[in-house]
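*Asks:* Each chain is listed here by its residues.
2 protein chains.
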Amino acid sequence: FPFCTFWSMLSLYLLPAKNGEEPTMQFLLEVVDILTNYIRKTFDRSTKVLDFHHPHQLLEGIEGFNLELSDQPESLEQILVDCRDTLKYGVRTGHPRFFNQLSSGLDIIGLAGEWLTSTANTNMFTYEIAPVFVLMEQLTLKKMREIVGWPGGEGDGIFSPGGAISNMYSVMVARYKYYPEVKTKGMSAAPRLILFTSEHSHYSIKKAGAALGFGVENVILLKCDERGRVIPADLEAKIIDAKQKGYVPLFVNATAGSTVYGAFDPINEIADLCEKYNMWLHVDGAWGGGLLMSRKHRHKLSGIERANSVTWNPHKMMGVPLQCSAILVREKGLLQGCNQMCAGYLFQPDKQYDVTYDTGDKAIQCGRHVDIFKFWLMWKAKGTSGFEQHINKCLELSEYLYTKIKNREGYEMVFQGEPQHTNVCFWYLPPSLRGMPDCPERRERLHKVAPKIKAMMMESGTTMVGYQPQGDKVNFFRMVVSNPAATKSDIDFLIEEIERLGQDL
Amino acid sequence: FPFCTFWSMLSLYLLPAKNGEEPTMQFLLEVVDILTNYIRKTFDRSTKVLDFHHPHQLLEGIEGFNLELSDQPESLEQILVDCRDTLKYGVRTGHPRFFNQLSSGLDIIGLAGEWLTSTANTNMFTYEIAPVFVLMEQLTLKKMREIVGWPGGEGDGIFSPGGAISNMYSVMVARYKYYPEVKTKGMSAAPRLILFTSEHSHYSIKKAGAALGFGVENVILLKCDERGRVIPADLEAKIIDAKQKGYVPLFVNATAGSTVYGAFDPINEIADLCEKYNMWLHVDGAWGGGLLMSRKHRHKLSGIERANSVTWNPHKMMGVPLQCSAILVREKGLLQGCNQMCAGYLFQPDKQYDVTYDTGDKAIQCGRHVDIFKFWLMWKAKGTSGFEQHINKCLELSEYLYTKIKNREGYEMVFQGEPQHTNVCFWYLPPSLRGMPDCPERRERLHKVAPKIKAMMMESGTTMVGYQPQGDKVNFFRMVVSNPAATKSDIDFLIEEIERLGQDL
Numbered sequence: 134f135p136f137c138t139f140w141s142m143l144s145l146y147l148l149p150a151k152n153g154e155e156p157t158m159q160f161l162l163e164v165v166d167i168l169t170n171y172i173r174k175t176f177d178r179s180t181k182v183l184d185f186h187h188p189h190q191l192l193e194g195i196e197g198f199n200l201e202l203s204d205q206p207e208s209l210e211q212i213l214v215d216c217r218d219t220l221k222y223g224v225r226t227g228h229p230r231f232f233n234q235l236s237s238g239l240d241i242i243g244l245a246g247e248w249l250t251s252t253a254n255t256n257m258f259t260y261e262i263a264p265v266f267v268l269m270e271q272l273t274l275k276k277m278r279e280i281v282g283w284p285g286g287e288g289d290g291i292f293s294p295g296g297a298i299s300n301m302y303s304v305m306v307a308r309y310k311y312y313p314e315v316k317t318k319g320m321s322a323a324p325r326l327i328l329f330t331s332e333h334s335h336y337s338i339k340k341a342g343a344a345l346g347f348g349v350e351n352v353i354l355l356k357c358d359e360r361g362r363v364i365p366a367d368l369e370a371k372i373i374d375a376k377q378k379g380y381v382p383l384f385v386n387a388t389a390g391s392t393v394y395g396a397f398d399p400i401n402e403i404a405d406l407c408e409k410y411n412m413w414l415h416v417d418g419a420w421g422g423g424l425l426m427s428r429k430h431r432h433k434l435s436g437i438e439r440a441n442s443v444t445w446n447p448h449k450m451m452g453v454p455l456q457c458s459a460i461l462v463r464e465k466g467l468l469q470g471c472n473q474m475c476a477g478y479l480f481q482p483d484k485q486y487d488v489t490y491d492t493g494d495k496a497i498q499c500g501r502h503v504d505i506f507k508f509w510l511m512w513k514a515k516g517t518s519g520f521e522q523h524i525n526k527c528l529e530l531s532e533y534l535y536t537k538i539k540n541r542e543g544y545e546m547v548f549q550g551e552p553q554h555t556n557v558c559f560w561y562l563p564p565s566l567r568g569m570p571d572c573p574e575r576r577e578r579l580h581k582v583a584p585k586i587k588a589m590m591m592e593s594g595t596t597m598v599g600y601q602p603q604g605d606k607v608n609f610f611r612m613v614v615s616n617p618a619a620t621k622s623d624i625d626f627l628i629e630e631i632e633r634l635g636q637d638l
Numbered sequence: 134f135p136f137c138t139f140w141s142m143l144s145l146y147l148l149p150a151k152n153g154e155e156p157t158m159q160f161l162l163e164v165v166d167i168l169t170n171y172i173r174k175t176f177d178r179s180t181k182v183l184d185f186h187h188p189h190q191l192l193e194g195i196e197g198f199n200l201e202l203s204d205q206p207e208s209l210e211q212i213l214v215d216c217r218d219t220l221k222y223g224v225r226t227g228h229p230r231f232f233n234q235l236s237s238g239l240d241i242i243g244l245a246g247e248w249l250t251s252t253a254n255t256n257m258f259t260y261e262i263a264p265v266f267v268l269m270e271q272l273t274l275k276k277m278r279e280i281v282g283w284p285g286g287e288g289d290g291i292f293s294p295g296g297a298i299s300n301m302y303s304v305m306v307a308r309y310k311y312y313p314e315v316k317t318k319g320m321s322a323a324p325r326l327i328l329f330t331s332e333h334s335h336y337s338i339k340k341a342g343a344a345l346g347f348g349v350e351n352v353i354l355l356k357c358d359e360r361g362r363v364i365p366a367d368l369e370a371k372i373i374d375a376k377q378k379g380y381v382p383l384f385v386n387a388t389a390g391s392t393v394y395g396a397f398d399p400i401n402e403i404a405d406l407c408e409k410y411n412m413w414l415h416v417d418g419a420w421g422g423g424l425l426m427s428r429k430h431r432h433k434l435s436g437i438e439r440a441n442s443v444t445w446n447p448h449k450m451m452g453v454p455l456q457c458s459a460i461l462v463r464e465k466g467l468l469q470g471c472n473q474m475c476a477g478y479l480f481q482p483d484k485q486y487d488v489t490y491d492t493g494d495k496a497i498q499c500g501r502h503v504d505i506f507k508f509w510l511m512w513k514a515k516g517t518s519g520f521e522q523h524i525n526k527c528l529e530l531s532e533y534l535y536t537k538i539k540n541r542e543g544y545e546m547v548f549q550g551e552p553q554h555t556n557v558c559f560w561y562l563p564p565s566l567r568g569m570p571d572c573p574e575r576r577e578r579l580h581k582v583a584p585k586i587k588a589m590m591m592e593s594g595t596t597m598v599g600y601q602p603q604g605d606k607v608n609f610f611r612m613v614v615s616n617p618a619a620t621k622s623d624i625d626f627l628i629e630e631i632e633r634l635g636q637d638l
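Keeping their order, the protein sequence lines are chains G and X. Under this note's numbering, the first residue of the first sequence is numbered 134, with each subsequent residue one higher. Under this note's numbering, the first residue of the second sequence is numbered 134, with each subsequent residue one higher.
With the rest of the complex left out, here is chain G (with noise of 0.2 Å):
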């Protein structure tokens, strides 16, 4: 194929095309090229974390790229400016000095996991199209279960579309373990059930009160100290406050590395109110389960061994491409029980292999991607130490943050002492600011600062970090780290810069 021709070509000359094979094989690696100079850009300091655009500069098209889509095909040449352009407006989580999310950094072994996965394209649900990965999940899981302590790594589990999913899922069989009913006759078939999490806890166990049918005003938020950690006598008041009102104290989320500060609930303590009081335990480790990779870390999720369920997410602080997360469950068969549904036209009894491997009816979904192999294949390239040393090392990362800031002028801890996680959560103060008395002035202008200074990181695209307010804590910022590629120098980097841009505010 002449070289203009070519690249003027439709799809359609593209595989299953007769002769298609040679035009496939070109594009693909002219997209492979695209991807490999986002990668080495990424991870160049020199380069920017974004290009910032309005949502209506990019809705009028900059530059041509135009998102709009029309009756007839683009050349296969357009295709790939499309893919360029994606990419050039765009964020680059991966960059060493992104620390928006709790999920950063472009772990390269989870991303050739993933173009495999998207190139095997298939389905989890049952053995039969997915022989390998179904092994696979089951065998992750069950280190999983054996990692948090569970005797024999028993139980079951499943991989959901993320965090918020499996902490639905460890309400759902947390209802269904006592109240087996509801899934024939619906809620009326039960008492009023409460549920418990913290104030500190990620909003995913509220929505999951609304949707399941519990309602918002049966989940009770409970109290943390100062470092947003629950305080077990607000759980036991809360507990026999509902009895006395006649309602059922159902279950109980322990939060392990809560969104914000990072917080680790004691969940020893709660396992035994749970017990006393005949509760569900589940511990919401979506943020915090990481650290149970490291010996000198897992302790903070002591007493884990001790719930009923357990939601992890690897693509957080193991840096495995999005998504990818476990819900983990104690006792099994529940999570079957509480989902199947027996559909005879997508399990048939009747096949040739052992159909207990089709796990398809233990989900919510019908269809559901296959999340395990990236994971699989950094366990297998980093082995458990490699995550040990990668936790250890963010771990490191965020006490030298905290131990450059704690004490330099112009910065105030959100609260005291050394954070459990990666989380370091502070105030910036500019000049004008400094020595000004705590009044309703101060808090108003303060409030302002920590977006004032992301407009401008993101409008120079120097560098990411979330910010937000907490209770009656004004906007201050929430540094993480999960980014593998970051080192001292980009701490450093975030420090200065947020002077550079704050110190005239």
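No lab work stands behind these hints: they were computed from the structure. All figures in this text were calculated on a predicted structure; none of them were measured in a lab. Just to be clear, a hint being listed does not mean it is correct.
Treat identical chains as interchangeable: a pair holds within one or across any two.
Keeping only pairs whose Cα atoms sit at most 25 Å apart, straight-line, the calculated SDA-like set for lysine to any residue is [claimed, not checked]:
{"no.": "1", "residue 1": "Lys318", "residue 2": "Asp177"}
{"no.": "2", "residue 1": "Lys378", "residue 2": "Arg325"}
{"no.": "3", "residue 1": "Lys174", "residue 2": "Glu314"}
{"no.": "4", "residue 1": "Lys378", "residue 2": "Gly197"}
{"no.": "5", "residue 1": "Lys409", "residue 2": "Glu438"}
{"no.": "6", "residue 1": "Lys581", "residue 2": "Asp487"}
{"no.": "7", "residue 1": "Lys310", "residue 2": "Glu350"}
{"no.": "8", "residue 1": "Lys356", "residue 2": "Tyr478"}
{"no.": "9", "residue 1": "Lys318", "residue 2": "Val381"}
Fit chain X to the given chain G structure using the hints.
*Replies:* Using the frame of chain G, we list chain X on its own:
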């Protein structure tokens, strides 16, 4: 790097490691080489669809393929071997003779889109970290709503992790529309609510009924005609019956393209009843929605513009790689109202851009995988017209199959008349069963034919097609065509193969 040293290297020498760029590029190109070889072979009819092994065989480790995870890292060389083995023992869902699922085929543009998506490795929940993808999703959903026929493409929607979750959204949103207080107070705030769906519909409506607290008893199954289409008179009778019992009919699911028969429920007649009785109308077009792209076939969904919500999975009939499912809602604001929790730490109102583009609070998920890009890119590459051609071609192929076997010796159609979708349902009768009068013994023997043929097919690895019983009908084959690689010769091959394997049963 000398070759032998290089491949015995560990992944920790890849980026972001110092001097990691060269080994990273070398490693990724090696992976791409494995993948492109796989793709080449997938489209080559002399390659098997699968190389079947039982679970215990794979678990024991075949030719050194070890699925177990260990503490110590593997070499890059071994990682590449793992990748090859994973593909070797998997199923080629893009093979021209893979007909096993509603999702099949391997679209090269979609694949490139997925490779890019995983390289970008971001999350849909805010514009901040996925500016381009968020806008693509918005524009594509609008286009889909226009195609559904809602004036000006108005309304709302979101991509979810599959049709079952999309259907679950529809039930949640319907409940929120009629009984918004359930979000706060739980199901006890509503009367006994009834959901209706046909006995041929997808089991996800029942799963949603169980999960969301309605109870499967309150999911009433409607009778179908012999073609698998719901009988509207049965719906009305059951609505009246429910009302007489004091229950409240809330929601009707009309299936557009049922899983087994490919039947399209009469949407207009159902819509009339929904209007008459003030109920929510959902159309589950997970499988049949794609036909909206074809001027020739879209009449099968006529009335869909009267629906309150629609599920439509581009990952099925439109050949988009898994996962890609949309839930469309006609009334704006409901999705947000139903699901939002306004977590200040996730969705800061004081950002520098228009935060109405932050879609996270509409979802039951928090992090959400980028499912849009591959679909958007395919639409760019094919145009609306390209999807239309693909759909028409698949329906022509199934018509070819239907015409070929309807009067062929040894075949019996499960229902009479031309299929509405690409589903062709049939029994193959081995010579030993032909001419035998209908009796329990014949039924019992016929029930075992499809599973036996399927088992032999999988063991010989030549092709794959699904089978199942339905109601009182014993196991039959369900052929579906969504694979763009399939041609008439592959249909011929399937029939020959069934006869070759089944003749002596």
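*Asks:* Hint compliance check: list the failing hint numbers for this structure, sorted ascending.
*Replies:* 1, 3 and 4
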